[in-house]
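Keeping their order, the protein sequence lines are chains U and W.
Numbering of the first sequence is given in the working numbering, commencing with residue 1 and proceeding in unit increments.
Numbering of the second sequence is given in the working numbering, commencing with residue 1 and proceeding in unit increments.
Worth flagging that the hints you see were computed from the coordinates, not collected in a lab.
Treat the numbers as computed from the prediction; the structure is a model and nothing was measured.
Treat the hints with care, since some could be wrong.
Stated by the list, open to error - The following label-pair restraints were derived from C-beta to C-beta distances:
#, chain 1, residue 1, chain 2, residue 2, range
1, W, D111, U, R172, 18 to 24 Å
2, W, M1, U, Q33, 47 to 53 Å
3, W, T130, U, E105, 39 to 45 Å
4, W, T130, U, K36, 19 to 25 Å
5, U, D106, W, V99, 27 to 33 Å
6, W, E101, U, K30, 23 to 29 Å
7, W, K158, U, M155, 41 to 47 Å
8, W, E94, U, I35, 23 to 29 Å
9, U, S149, W, V218, 32 to 38 Å
Claimed, not checked - Chain U side only, calculated, beta carbon under 7 Å to chain W, not exhaustive:
#, residue
10, A39
11, A44
12, A46
13, Y49
14, E100
15, A102
16, D106
17, V107
18, S108
19, I114
20, R130
21, V131
22, E133
23, K160
24, R162
25, T183
All C-beta atoms, glycine included, are put in the ideal place defined by N, C-alpha and C.
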Amino acid sequence: MKDRQSDSVSLDRSSFLNLVTGMAGEDIQKCYQCIKCAAGCPIAEAMDYLPNQIIRMIQLGLKEDVLTSSTIWLCASCETCAVRCPMQLDLARVMDSLREIAIKEDVSVPEKNIAIFHREFLSSVRNRGRVHEFSQLVGYKMKAKELFSDIGLGMRLLAKGRLALKPSRVDRVDQVQALFEVTEVRSD
Amino acid sequence: MKYAYYPGCALEGMNIEYNVSLRNLFDRLEIEVEEIPGWICCGTLAAPSTSRLLGLSVPLWNVAKALEARHDQIIAPCSACLYHFKSALHELEEEPSLVSEIEEILGVPLDGKPKIMHPIELLSGEEFETIIKEAVVNDLSGLKVVCYYGCLITRPPKVMQFDVAEYPQSMDRILRWAGIQTLDWACKTECCGANFNLLEPEIVIDLSNRIFAEAKAVGAEAIVVACPMCHGNLDTRESEIEAKFNVQYDLPIFYFSQLMGLAVGIPEAGLGFWKHVVDPGKVLSAKWEVEDSTPVTLKELSRER
Chain U
1 MKDRQSDSVS
11 LDRSSFLNLV
21 TGMAGEDIQK
31 CYQCIKCAAG
41 CPIAEAMDYL
51 PNQIIRMIQL
61 GLKEDVLTSS
71 TIWLCASCET
81 CAVRCPMQLD
91 LARVMDSLRE
101 IAIKEDVSVP
111 EKNIAIFHRE
121 FLSSVRNRGR
131 VHEFSQLVGY
141 KMKAKELFSD
151 IGLGMRLLAK
161 GRLALKPSRV
171 DRVDQVQALF
181 EVTEVRSD
Chain W
1 MKYAYYPGCA
11 LEGMNIEYNV
21 SLRNLFDRLE
31 IEVEEIPGWI
41 CCGTLAAPST
51 SRLLGLSVPL
61 WNVAKALEAR
71 HDQIIAPCSA
81 CLYHFKSALH
91 ELEEEPSLVS
101 EIEEILGVPL
111 DGKPKIMHPI
121 ELLSGEEFET
131 IIKEAVVNDL
141 SGLKVVCYYG
151 CLITRPPKVM
161 QFDVAEYPQS
171 MDRILRWAGI
181 QTLDWACKTE
191 CCGANFNLLE
201 PEIVIDLSNR
211 IFAEAKAVGA
221 EAIVVACPMC
231 HGNLDTRESE
241 IEAKFNVQYD
251 LPIFYFSQLM
261 GLAVGIPEAG
271 LGFWKHVVDP
281 GKVLSAKWEV
291 EDSTPVTLKE
301 LSRER
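From just these sequences and the hints, can you work out the full model?
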């Protein structure tokens, strides 16, 4: 007979697995650790856990370790793993869902700059309908406290007229803002 | 036949030369396109990372606008936008119960199943072989290039359903139709670091270095791309890569539309070579004969909006 503790562990384990499986629409239980994803991952070297390890950790219900990993933020969504996975799992979609859960649960993100970048990016879309690269760039660099990195490159791009100073904006920004508000309410 | 056209944010900002050269190429090949009215950003990686619903609603807003304008074929030249459109439609197909929720959010029905295409998918259709070959006026056969497809034009295959995922040929085919020599190489679909140019430049520098090294090793004089992110990573970081690895690549990065545009006689003003960080002058030093025509210039295109 199982004791109470192991029951609660297995309940936790399957609840995280079910949550991610449902959100990503990928049957994570199918993974049998062939490790092709990690072998072909261009970013593996920079990650704290390999992609296959993240999948195994989800199966085991190691929610906190997964959500606080740098891997889920460093995945570039290049989809190489999705081509090679013998079980046709799309790991990039799993990573999307893990980032969404990490943001919602407000866990401590090791790759803060990437999270800031996403936030700045979406606020540009929300306010204008489109991304204005120049203001998004400056906004990101200020919030990430990296204002002076890449300044030489920025100047070169400005000189070539590649950083448009005047933002483009769609006519019906109100509709775009409404879209963001509705999805926010429904995603909670 | 008129196609809906979704340029995306990069093509009206940093990568406007891709937009201009492609629009000029379309004009020359008599392909009619119409910008999706009131299009918004595709949401890229940021939207699905924040909420699944946002990641679906933002790209599908544009699809709904195209359908409203009675288009059923959409051309998206940025691989990331292309992927997010196709991925959102694929998710709805896999999970039909989502359709009504997305329709409620968008406030319009999603009637119809539009085909979303990269311009390379359109141009590599059989019917374009003769059209492209007959349009060529400048001989570029002396130029040896490699085609760099990047990640998302073909991946993941269950979503993109185009060409061979890790050994595509379609860009090579259309460049050869335009008389340009394309070389075989091993990095057609290796990742360049995607949207990490600002965030994790060291990752971009290391990954892009492999691409440059392989291109140089097979004897290429230039790398040809089909995605604004690939162009951004390779073009803006080349000098840092050369410094870090103590090598000299001197490889300009072209969009396929720029080289094909040159081959079919679009004047340089309509191709935007001067926007690049890596000077393509050395490779293009030969004087190409150009036809007298009035292309859309960068400024005119910016004003058009």
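Inset, instruction - Check each numbered hint from earlier against the structure, then list the numbers of those it violates in ascending order. - result: As far as the earlier hints go, 3, 4, 10, 11, 13, 15, 16, 17, 18 are violated by this structure, in ascending order.
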